[in-house]
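Produce the complete structure using the sequences and hints provided.
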Amino acid sequence: MSETNDWLKNQLGQLKEGESSFINRSVLTAAKALVNEQDKRIRQAQDEIDERIWSPDKW
Amino acid sequence: MKTLILISHPKLADSATQEFLKTAGKSQANVDFEYIDDLYKETKIDIIQQQQQQLTKYRRIIFQFPMYWYSSPASLKQYMDDVFTRKFVVANHLLRNKELGIVVTLGDAEAEFQAGGSEHFTISELLRPFEAFANKAGMTYLKPFVVNQFGYLEEDQKELLLVDYLQYVSAQMPLSLDNREKWLVDRLTHMKQEKSAADQQKLDLIIGSIEAQQDQIDDLKVNIKMIRDQEE
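So the sequence lines, in the order shown, correspond to chains A and B.
Going left to right, the first sequence walks through residues 1 to 59 as our numbering numbers them.
Going left to right, the second sequence walks through residues 60 to 291 as our numbering numbers them.
If you are wondering where the hints come from, they were derived from the structure by calculation, not from laboratory data.
There may be inaccurate statements among the hints.
Chain B is faced by these chain A residues, among others (derived, beta-carbon under 8 Å) [claimed, not checked]:
1. Ala-33
2. Leu-34
3. Val-35
4. Glu-37
5. Arg-52
Pulled from the structure, derived: some chain B residues nowhere near chain A, Cβ distances all over 10 Å [to be verified]:
6. Val-90
7. Asp-96
8. Gln-109
9. Val-149
10. Ala-150
11. Asn-156
12. Ala-170
13. Ile-182
14. Leu-185
15. Thr-199
16. Tyr-211
17. Lys-217
18. Tyr-227
19. Glu-240
Note that this is a predicted model, so its numbers are computed, not measured.
Cβ coordinates follow ideal geometry from the N, Cα and C atoms, glycine included.
Below you can see the structure in the form of structure tokens.
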């Protein structure tokens, strides 16, 4: 989990705590889920690049 | 893009799910609701032309209803039979290139709607007549949005359901990560209007970071494609 991701989730959490509207709270929860998904995709993409570059076939 | 949600529900006032979806939908710009059962309290002849005219103004049309005996309640069928005349749909092609979405609510678990499940048939199979209609009308049929066992959802599941529903009715299709990100950034930007200066600043930083992460994903995708294309 990246530092940006932790920071983002923390900020979204803080905003949600001060939020009374259910709709806005939902949007903030969904934004948190999106941030997690982005983080996962970035990690997986970087892993894929590493694997493909370091493939034994190319040694 | 404008969306019209046509709701068919004989006991609308008693439905917590419909109330939830209605409250959610009303928070979204460019989304309008029409209650079919209310329309039929008026004289039937009057509504046909008025409804046909109204439908042409929208890019996305959604049928929203509880599943009654594996179909919609009777009022939606009545509406389709009355309003979707041959002239309107087939001769004049007035629904062509629009999107048709289905929001269906179930009392039973969605997981049972498959081969081997207690309901045996899939939601896609059961909703086939709507898909056939979309095909005939030249509309793009969207993947149905299924809400099942709303009463059993936890608070955070309801929050995510609300956003999924709003994206289904108003975001650019398909609901890819990219399109969902754009929609969320738009809503977060909209949220700023009602916030203090400090929270606005916070939201600006959040939006900037989300957009930067999305750019990073797009760049990585380009790189991966390039590497894959060079492989045998």
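**Message:** Could you work out which of the previously given hints the structure breaks and list their numbers from low to high?
**Reply:** 17 and 19
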